[in-house]
Each structure stands twice: as C-alpha cells, then as structure tokens.
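Protein sequence lines correspond, in order, to chains A and B. Take 1 as the starting number for the first sequence in the numbering used here and just add one per residue. Take 1 as the starting number for the second sequence in the numbering used here and just add one per residue.
Some hints here could point you the wrong way.
What the hints assert, rightly or not - Restraint ranges, calculated between C-beta atoms of paired labels, are given here:
| # | chain 1 | residue 1 | chain 2 | residue 2 | range |
| --- | --- | --- | --- | --- | --- |
| 1 | B | Ala381 | A | Ala59 | 50 to 60 Å |
| 2 | B | Thr268 | A | Ser297 | 36 to 46 Å |
| 3 | A | Glu166 | B | Lys132 | 43 to 53 Å |
| 4 | A | Gly371 | B | Pro140 | 17 to 27 Å |
| 5 | A | Leu469 | B | Lys132 | 43 to 53 Å |
| 6 | B | Ala381 | A | Thr233 | 52 to 62 Å |
| 7 | A | Leu42 | B | Lys120 | 49 to 59 Å |
| 8 | B | Pro232 | A | Leu469 | 53 to 63 Å |
| 9 | A | Gly323 | B | Thr268 | 32 to 42 Å |
| 10 | B | Lys177 | A | Asn355 | 52 to 62 Å |
As the list claims (entries may be wrong) - In silico PhoX-like cross-links for lysine-lysine, where the CA-CA straight-line distance does not exceed 25 Å:
| # | chain 1 | residue 1 | chain 2 | residue 2 |
| --- | --- | --- | --- | --- |
| 11 | B | Lys101 | B | Lys120 |
| 12 | A | Lys121 | B | Lys101 |
| 13 | A | Lys43 | B | Lys295 |
Claimed, not checked - What the simulated footprint calls covered on chain A by chain B, stretch by stretch (three residues with Cβ under 8 Å from a Cβ of chain B suffice, anywhere in the stretch; the number is not a length):
| # | stretch |
| --- | --- |
| 14 | 96-105 |
| 15 | 366-377 |
| 16 | 449-463 |
By construction, these hints were calculated from the structure, which means they are not laboratory data. Computed from a prediction, not measured in an experiment: that's the story for all the values here. Just so it is clear, CB atoms sit at the ideal spot from N, CA and C, and this is done for glycine as well.
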Amino acid sequence: MTSSSVRRIAVVGASDLGCSFALAARQAGHDVTLVDEHPQSLKQMSLDAPYFYGAAIPAAVLNENAIAQVVLESNPEIFECFEAEVDVRVGTIAWGAFRNAPNSAHIGTPKLGLVSQDSNKLLEHDVLVLATGARDFVPSFAGWDLPGVFGVKAGLALLDIYQCYEGKRTLVLGTSPEAVKFTRSALAAGVEIVGMVEPTQHFAAGRLAADEIAGLGVPVLYGRIITAAEGKTAVNGAQLVPTNGSGTVEGLDCDTICIAIGRLPNIELPAAMGCQLRFDASVGSWLPETDAGGMTSAAGVYWLSRFTGGEEQVQAILASIGGDTVAPAAPAESVARADYLQLWVDTLFQTGGSNVMLCQCEDVTRGAFLGLEPPRYLDGQLRHPQTPVTGRCGVPRIHQDQMKRMTRVGMGHCQGKRCRDEAALLLSTRFGIGLESIQPGSYRFPVRPLDLDLIAAGDETPEMRENWLYWPAAPENL
Amino acid sequence: MESFDVIVVGAGIVGLATAYHAQKSGARVLVLDKGATGYEASSRATGYLSLRGETPEECALAQVAEKLWDELDEELGYPTEWTQKGRLWAAIDDGELAELKATFQSFQATDIGFEFIDAKACRDLIPALTDKTLGGIYTPRAGHANPQRTTQAFAWAFLDRGGEIREHTPVLSVLEKGGAVHGVRTTRGDIHAGTVVLCAASHTTKLLEPLGIVFPLAPVRLEAFVTAPLPPLFEEAFIAHGLAVRQTRRGNIHVNGGPFEWIDVDVTGEPAKPTTPLVRNIAQRLVEVFPVLRKAQMLRSWAGIVDITPDTMTLIHSFDTPRGLVAASASGHGFGMAPAMGVAIADLALQGRTELPIGDLTLDRFASLPGDWRRAWNWQAGNINT
Ligand SMILES: Cc1cc2nc3c(=O)[nH]c(=O)nc-3n(C[C@H](O)[C@H](O)[C@H](O)COP(=O)(O)OP(=O)(O)OC[C@H]3O[C@@H](n4cnc5c(N)ncnc54)[C@H](O)[C@@H]3O)c2cc1C
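Excised from the complex, chain B in its bound form:
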C-alpha cells in the first residue's frame, strides 16, 4: 500500500493551505479530491477576509489570517490580488440602519476598532453609493482577494514544494484500527498515512459518521454573479442591502447574497449547483445601492455550496480517538480565514498542538447539541432562507 505522512482530503483552499504548511514543515503530503482542484466553494467565494466582528470568538484567528494575507503573494510566489483597503457595511433604509446599530454592539466587543460612520463619510469612501445611504460600520482593516487565483496559488505553491494532488479520487472512508487512523479508502484503492486531515466541507460530516463522530455541518447553496469589467469605482470590501459587493482588480463588479437553499450532499458525486432567477432580484438590489451600475452588464452567474456549523463559527478539531485524525470546517468564511486555518491545522496534524488562537473553535462546544439540530434550526435540505 502506498504511504504518506499526511493525507488531506479536499483540495479546497482550507485543505490546500493545510497541505502547503505541512509539506513546507517537511512532511510528505498527499491531497485527494473527488473533483478538480479548487472547483467547489473556494473558487466561488466573494473573496473577503472578514475580521469576524459578528462572532468575536473568531476575531483572534481572523487577525492572524490578516497578517498572513499581507505577505501571502510573496510566501506563495503567485499573485492573489489581495487588496487591503478596509471594509464598509452600510445601511440604505431605516430598518437596515436599526439592525446595523444592533450588530455594531458585537463589533464593539472586539479589539479591532470598528467605527460607526455617517452617510457622508460612507459616500466619501465610495462616491458611487446611492444618496439613500444612511451610515455604516467601517474598519480600515480587512480586505479581499481573487478566490480562484488564491486557491490555485496555494495548490501551485504546494506542488512547488514537492506535494502531490490527486484529483477525481473520492475518499470513501477513513481507515481506523485500534484507536488510530492508518489511511483512507478511495475509489482507486487504499492509501496509507498515520495522519488524516478532513477538509472536505460538508462531506466531512459524512466521512466521520462511520467513526461515530458527530461533526455538525449543514450545506447551503448560495448565488453570485459578476458584471463585465468597469473603470475603478471602489476598493473596499462592501456590504449593504443584503449583498456583498466588491470590484475585482480586473474591474468586474462581483456580488453575492440573498435567499439561500439548504441542501444535502453525498460522499462521491459532485454536488449540483444550479442558479435560479434570483439573480434578477440581486441585480435589482445592486442597482438600488449603486445606481451608476444600471447600464453595466451581468456577465455570468454561479452558485456555490458552503458548510455551516450550528453557531456559524469555524470548527477545527484534533481527535484523541482515533489518534491521527484532524477535521475542520470554515463555516462559510473560509476564504479569508484559510491562511490561518492552514497553519493551525498543519500544526495539529504534525505536532498535535498549535499556538494559534483556536481554543473556542473546537468540537467541544457542541457536546450538548441536540441530535436533530438541523430540524430544530430549520436548516434541513429543501428549506430556503431560514
């Protein structure tokens, strides 16, 4: 049987960042994916690093990520299009303003220095904003990058250091014996490794079930689109009116948001990711926020699937039993977090411990989660926007 030091399941940005750091630390690492590299959520994200003001328990890890982002191009050797120009979350009607003020309370519990700014300050930052803008939460920190390029950059940097990626090789199960993992079973046979890291998004739940482990994730389908390229309008990561909107380096306006659909996934097949007429409504909201975009053209839309934990926070866990098993979920904000998650997960895989601030982010917090949590949360497949 073939043998590696570490097998990482999932060639998304979290798996690739983990593999990169583990390989760089001297381990022999194999990454397996059932599809192509970076073809799922990681290449479909909007591309924000959020500093997680919404969930202050994650702030410390997000700030580690922010530091790593600043040096990522150099570290990996490929451009990620990282743009560190701050983030604005604005309100354009009274209801949104009230909600945003409530949200700001949790932001104030962080040490990041978020500010609540008035309408004029918002429009000074982004002059193209509607004159209905009422105010917003702002930080000069945070930023955004190109998800496709960044994910591929991790993949290439990993290969450059001698790592191996096998695409189109679904992992069917984790091999375990006498309280320790010893590899994985794939559709093309068994592969040995003393350490197995699961970064397979919602599929991780399925892979852990046979080991009697509850790893609570709910998959959800989200929609996005881009316009044709436009001259520069703004560089901030921007949120308003139920949308996340950024302008890419190339000039496209990239938008995502709105009603989402809870789904189920299976272990082997590529999950379907259809788009819906929702893009018409997203377009309407986009034009409401940025009236100047009326004559911009919608170029392509797509959907992506993210894995959400019950409290929407990152989940990283190194298991005592079976030994040699680590699993992680980015809970829908893994693009920005991946540089830090990769370091933390690689540390856990190689040394069993990490200096990074993930103490609040382990599986332990779900010890008393009800077995039917997805039903209780209204997050079962087929539910929409609940």
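Only chain A is shown next, with the shape it has when bound in the complex:
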C-alpha cells in the first residue's frame, strides 16, 4: 500500500464485527483506532445505556480496575487488535461525530468526540466505521424498576464479560435466540432458570432451540405473560397470567428477571450525525441507509452491523474505502423480530393496562403518555389535553419529538434508551399508524450522558475567547 492510500480509520465498537474489521483494516496497512465504551464506569452502567442493567448492579463492579482486566480478557479479539498495533481505546465513549456539512462549515477534518475517565479528545480521521452493536429492548410491566430486573444484553455482560452475575433463580421473559443464549450461559454458571415466559404457543427461536431448552430441563411457560415483578426492595417473585384471558394469576418464586424479548441496533451516532435512515420492518427499527459498500449517506461514514448483514461487510467496506466498486451482497436473512416486539408490547398493555410506569426517568405511565398528559412536576395544571395525532385535516401524523416534549417520555437520564421503542410501539397500536409512519424522536449528542468535567474542554483558542459573544450583535461602527 502506498502511503497516500493509507487512511486514518476510526472504528466505534469492539464487537466481533468491529474487531474483525479493525484487524483487517490494520492488516491492509491503514492507521486504525478502535474505540469501545466497555468496561463502563458504574455511573454509565447505572444509566442503562446501551444495556439495561436495571437498579441492581453487582457490588463486584465497584472495583473498576479488577473489572477492567476481566472485561478485556473476555474479548480475545481485542488482544489480537492490540497485537496488530491497532490503537485500542477501551472505557472510552464516542459521544459525537462531526464533519463539515450544510450549515456547519468550520469542522475541517472529520472529528470523533472521545471521552474516558482520564481523557477528552477530538480524534481526527478520514473514515469512520460505526460498529455500535445492539442494546436491550425492555418493555414495561409493573415492578420493572425493581432491582433484579435487567435486559438480556446486560445479563450476558454480567455473566460472560464482567463475570459477576448475582442471581440465583432467574425468570426469563421471551424465547428469542438471545433468551436461549442467556439460558445456556446462566445454567453453565450454576444459575437456576425457573422458566421462560412465552405469550404464544410457539418457541420464537425455533424448533431446534426449543428442543435444546427442553433437554436442559428448563420449563417453557407457553401462553403466559408477566403482569408484575414482585418485591419491595428487590425482586422476590413474578406474577404471570394466561394470555387467553382465563384470568388465574400464577405466582413464581425468583430473585431476578431477564427481559430477553429482543435487541435493537444502536443507531444514535449515525442518527445524530444526520445520516439518512430507513425503517426496517423486519428489525423493527430505523437503520442507516447504506450502499453496497456499507457507506451511509455521509461520505466516508460506514455502518457495520449484524442487523444489516454478516462478515462479508468487512471486506465490502474495506473495498469501498480503497475506492473499489462493490457488488451488492445477497440481502441479509430476515430476522423478523419486529412482530415479536409488538406482540409483547400489545400483550403487556392488554394485561397490565394504563397504570404501568412507561418512563422510569420521568415517572410517566403508559396512560399519561398516550393521553398526552403534562408531566407530574406541573401538578395537573392543565386543561383537557390535546390528542397526539396532528394533521387532522390531512394525513394523520404522530411526531415522537412532540410527544417527548409534552410528556417527557424519552427526555430523562437514559436519553430514551429504555422507553423510546416501546413508546413508538404503543402509539402505533393505539392510533393505528404504522411504525414506519411515526416520525422517530431525534437523537442528539452526546449519545451518552457525560459529566460536565469530563467533556468540558479547556482548548478555547485566544481568538475564540476574545470574540466569544453570547449573542449576535450589530457592528458598532456602522
């Protein structure tokens, strides 16, 4: 490779795809930086982004140094990257990405905002590869804010990465492939799985997986849904009801509840950068629009994700960076998850009703959200609320930003990561408007909440300081 074709490539996300891309790019002679937010600080973990740890983070995580070692050792691919002289930055949040764009012409070389506990940098790069992975999808039910309720990605992280899972008797919600994976890991770690809850009569991950689970002796509770996590200060049980409406409540003894219905892509970076998005009905989420070479609508910004394809993306992106034209790959196998997420949300709503807290940060119920009620801090100072549907005289529309601003669902600490998807699903069912027609709430930088003293930068130039106006002012001498 000639030195002129060496590119500075920033890769966000050390998932298997992220690591294998970083390695391949390094081997092709590029100058590669690989960034990953794990191991996260306790404060970040407590915000449930991207994984939903819930309110009970194991005490072992408090020892951040010991944990860091364990986390790194659990990811041998990262070590390969280290060895190949990829510049690996762990425990580092890529909170924003900036480039010259319409109405912002002063960025110069593209920059990636990186913050860790001890550094605050803008990383200049030529190419940005977003391999930001997935986050937990966690619909609400009574008691879902109790310590002991968590999402499947968080559960797997505690079991396999942080190696400090504290549950003894875990109830699994859902029969998705992730639920199966979690069950396997939990059993191997000596955890008892008291059951897997499945609202339908079918095992979502398929017949083979169902057989495996049966072989492991884990009961699958078909035709049931959770109505409450029980306990005062932590989970000590769960309430299930039959989905056929026959009504008898069943109590179940457990100390942890793993929500394993599905996961969603972490699109906040490309979305906040202004990359064009498309709704993917099979994933049940918006995804960046990409060409055959994996490039988003922003030149030099690539999207690398299991939600979009497989390993072949690595070579396709490398070829595209090298300037080659890339033939379209066969479309990725559809995972058809959206229906499963919708089924859970609808069934939880039918059985749990309006009074369940939808937004934990701002303490807003499903009913208050759908009724566009003002938040609690305003103490009911409102005349009868309006409807969420605008455009009454033309095409009916719902704008999630408006819903968010008026109800505060999605405006809290977790930046909407816990509730925004359920909120959209609820709106879709309640008002009969397809998810693809509900304008999603906007994503904003920083994509993780950041302490001001970590993100504050003392790099104001003297010129900037000299001319810093708080507001545009007319020239004086005219």
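Given the structure of chain A, go ahead and fit chain B with the ligand onto it with the hints provided.
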C-alpha cells in the same frame, strides 16, 4: 380554491401567537408550515423574556409582552412554565465587568429600573455562582418559560378556538394581483385569503423577494444543551461569561451561547441544524461560572436557527402595496416578545393598525440600508462569530 380570512405562514411562536389572536377576534385563520408545528427556533430557544435594555426602542413592546406573560397560562389554558423571578447579567472577570458597565448605560436609558449590583448581591441571589463573580445588572422583572410547552400552548389554544394548522405544506410564493395579495401558492396548490401574514423567520426574506421587497434578515445557527435534572439552584434568568443559563422547572440546567455560524436557508427544505464540538467549550464556561455543576451530566445538545435584522431589533411591517400583506421577524428574541408581537401583528392584519408601541420597529428604518449589507456586516453564510 379554498378560502380563509387570514393565512399565516410559519407555525413558530410568532405565527401561532398571531393566528391565535386573529382567530380569537373572529377571523377564519389558516396556519401553514413547511415542517411540524414549533419545530424550528421556537422550540429551541433558551426561553427568556428580555426587557431589551440593550435596545431601548423595543422596551415598550417588551413590557407589553411581560404583562401578557403574567396571564398567559390562563389565557391559553395550558401551562407555559412562566417563572417571573428577575434577571441577572453578571461579570466574572475584569474585561467582562468593563463591558457590562458600558452596556449598563443603554439599560439606564429605559424606564425599567435596572440596577448595577455588587458581587455579594449577585451571590446572595444565586449562591451557586463562582466566587470570582464581580457584579452584575439586575432587574427583579423579566423571566423565563418552557419554549416547547409555550409554543405548543399557542398552537393548541388556536386549535381550541377553531383554527387550522397544516403541517408539511411549504409556501412557495405569495399571490399578488393589482396591488393586493389574494393568497399563497403551496406545494399542494393555491389557497385564497385577502390577508397574508409572513412569520416564516429567515424564509420571509425569500418569500418577499419576488414582490420586489427587501426584508433584511440574516439566518444564524446557535447551539445549546441541557444537563440532567438537578435539585433547585436558582430561578432567575441568568447571563454571564458569554452564556445564557437557566434552570428549568424540571430541574435541568439549560445553557446556550458562544460562537455562531451565519448560514443561508431555502424556501422548501428543513434547514440543517448540526451541533459541533463547541458544546465542550460551553461546558467549560458553564463549570467556570457554576463550579457546583462539575458532576452534572450533559444530556443533549441541539442547534437552532434565528433570523437577525441589521440592527438586531424586532421588525413588524404592514404593507400598503401590496395591500393585505404583513410580515414580521423577531430578530432572535421572539420567544419572549411573541405574546405582544402576536397581538400587534393580528391587529395589523385585521384592522390595518395597532395601539401597541411598534412605531420604531417597522421596515421604514431600513430605507437606506446598503444592498450588500450582509457582506458589509460580515454576516454572510459561512462566517463564524462575526
Ligand atoms: C438557541 C436559541 C436560544 C434562543 N433563546 C431565546 C431567548 O432566550 N429568548 C427569546 O426571546 N428568544 C430566543 N431565541 C429566539 C427565538 O427562538 C426566536 O426569535 C423565535 O422562536 C422566532 O419565532 P418565529 O415564529 O419567528 O420563528 P420559527 O420558530 O423559526 O418559526 C418559523 C416557522 O416558519 C416555517 N417556514 C419557513 N418557511 C416556510 C415556508 N416557505 N412555508 C411554510 N412555512 C415556512 C418554519 O418551518 C418554522 O416553523 C433563541 C433561539 C435559539 C436558536
């Protein structure tokens, strides 16, 4: 062709306040917006009512606005989070202090009773302020509110009175014939009205160009962010160190300020409003002013576009030719002014005259403005902080 008494172009707070008052006075009003209701500057503002000590010509109108703010929740029927706890503009270094003292001269030309207070008085008002604080301009009047809620409140109150808002319907031009307007052309056809009011921020300039009218506005992009909610720290509208900082009712610290970028807009598309790494520098200044915020968390940042007139003052004009045309620009402080602007503009639209004090705020003051004023001011697209 469909017909209304009044068409208002722009569902920002100025257009909605105008539409609300016109509808309330009995007219049939249609509001058109190229995007969603209150999605531009009006929902991105910090939320201050400034009494305009900087530009005393606007003080009278600002004081009308202040009165209306005090009754706005009741008038509209929806909470705006109006908080009337005064305003403090402080200095934390010698340079700022000198500038602030100079600024105070224009404040003294008003009848509002601004006071210059010392460091101790500043910190008595806001104990969380840095001990570097040197003094500030204070008034117990003025206040702040929630821009998103207030803009939506005007929209809902207008709908409650039978008005109509059509979103995602860009206006392409104003229809004019024989010296009078008779409607607008939209991407979905023509709509008739004998009166057309343009409250389309910087886009108003573009819509007036084909009529041979120079309506001088320069669009500029500004940045802001909020922290996660905190316990109550202060209630005043606060300015210092190049930042406007308030604490919302919910508890978030809301901050805006710093270098801004002049841009251009087009008639149909939604203008891009990217944010930049500037938030890092704003955060630094915020912590310098309020050291207690070190461990507060930046939650989300955004940018907004405001339309600035050559002298930064409000512009409201009712045209003789073509008849039936009114246009307005809030010049970057329309959030606080909107309640009064709405009354004045609705008066002009329905009666051709208003009692409100806007005599100094018409287009007439720009009669001899040079054609290349944006270049002369250094306010062309691509310039930063000039
Ligand atoms: C960061 C920031 C902080 C601010 N802080 C304050 C503050 O503290 N106090 C204060 O008083 N002001 C503040 N402002 C300024 C204030 O927000 C604006 O002055 C005010 O919102 C202007 O309202 P508007 O209705 O004129 O404009 P906008 O809210 O911009 O509305 C104009 C509307 O016109 C629509 N439109 C444009 N062209 C067309 C077309 N061709 N057809 C149809 N519709 C069209 C747009 O889509 C838009 O919805 C701030 C602004 C920003 C960005």
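Hint check against the structure, violated hint numbers in rising order: 2, 4, 5, 7, 8 and 12
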